[in-house]
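With the sequences and hints as input, model every part of the structure.
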Amino acid sequence: MSGRQASFGAHDTGTLYLVPTPIGNLGDMTSRAVETLRTVAVIAAEDTRNTQKLLNHFDIATKQISFHEHNTQARIPELIAKLQAGEDIAQVSDAGMPSISDPGHELVNAAIAADIPVVPLPGPNAGLTALIASGLVPQPFLFYGFLPRKASEQRAALTELACQQATMIFYESPYRVVKTLGAMQAAFGDRQAVAARELTKLHEEFLRGRLSELQAMLADTARGEFVVMVAGAPAATPQPSTVPLAEQVAAQVASGLTPTAAIKAVAKANGVKKQVVYADYHGLTPAKESQ
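Heads up: take any position in the sequence shown, counting from 1, add 50, and you land on the working numbering.
These aren't lab readings, by the way, just hints derived from the structure by calculation. Be careful, since some hints might not be right.
Restricting the straight-line Cα-Cα distance to at most 30 Å, the calculated cross-link-like pairs of lysine-lysine (DSSO-like) are [said to hold, decoys possible]:
no., residue 1, residue 2
1, 229, 200
2, 103, 132
3, 324, 314
4, 113, 132
5, 103, 251
6, 251, 229
7, 103, 113
8, 113, 200
Just the calculated beta-carbon pair ranges, DEER-fashion [said to hold, decoys possible]:
no., residue 1, residue 2, range
9, 155, 77, 25 to 31 Å
10, 55, 303, 40 to 46 Å
11, 55, 116, 53 to 59 Å
12, 255, 201, 24 to 30 Å
13, 333, 163, 58 to 64 Å
14, 187, 269, 45 to 51 Å
Remember, predicted model here, so these are calculated numbers, not experimental data. Beta carbons: idealized from backbone N, C-alpha and C, even for Gly.
Here it is in structure tokens:
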């Protein structure tokens with residue numbers, strides 16, 4: 051897909067609004083989100099019964115239509131037809147951001163393909179809410195969401211992530227969190243991790259420690275939905291090459307790098323100062339290990 055699409059202004063179609071909803075505390079609903087839900091023609095909701103409680107709380111009378119993982123393909127043509135007819139639609143999930151471990155992505159793609167404006171509203175998100183209070187390095191981070199349930203597929207996914215140096219964010223249910231922590235320890239080693247539960251609610255809690263310690267803490271008290279964050283793999287220690295520094299630089303230059311860029315790359319790869327590589331490449335002084 052390619053092209054430019056303005057979110058606001060004159061359009062021949064309706065607009066698809068992606069509206070985040072509270073992950074626990076209704077006070078986190080923004081005034082813009084409330085106003086959007088009041089003014090659109092219809093709300094496409096993951097669970098209309100759950101969303102109706104939210105609408106009742108904010109005195110919103112807009113009609114709903116169900117849109118969830120089991121009826122996505124059947125609903126999309128109907129929703130696109132409404133948008134093409136000029137109706138605005140708000141899409142919501144049960145909690146948090148649409149499309150993030152929830153329905154929405156397929157509808158967004160269909161709207162983009164039909165040249166229908168897609169407007170996201172900012173709002174609650176469990177993963178980022180947990181991350182900023184975790185104490186782990188906040189960036190870079192990798193959001194994974196729910197791991198596969200099948201044990202063999204979960205092991206394969208975790209094995210693939212074992213070398214990931216970014217802080218990793220997962221979602222997990224209270225019924226599987228202890229077993230998942232064990233699988234993480236087996237794949238990653240006993241890394242530092244944080245489990246956040248009941249975010250924005252009365253019993254919000256952060257459990258911090260090694261993966262083995264979190265397993266022990268939650269052995270008998272795993273209640274509420276969890277965000278599990280695991281520290282990334284430590285950066286690999288540069289391993290000096292047996293090839294002379296000057297030859298390494300020459301090879302990099304031959305591949306298209308400038309001498310300056312090549313010297314920087316070789317210095318980083320060998321764990322030495324750039325001045326040492328520069329001197330060796332230009333034959334100024336014998337190369338020696340940086341102190």
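Which numbered conditions among the earlier hints are violated in the structure presented, ordered from lowest to highest? Violated: hints 8, 11 and 14.
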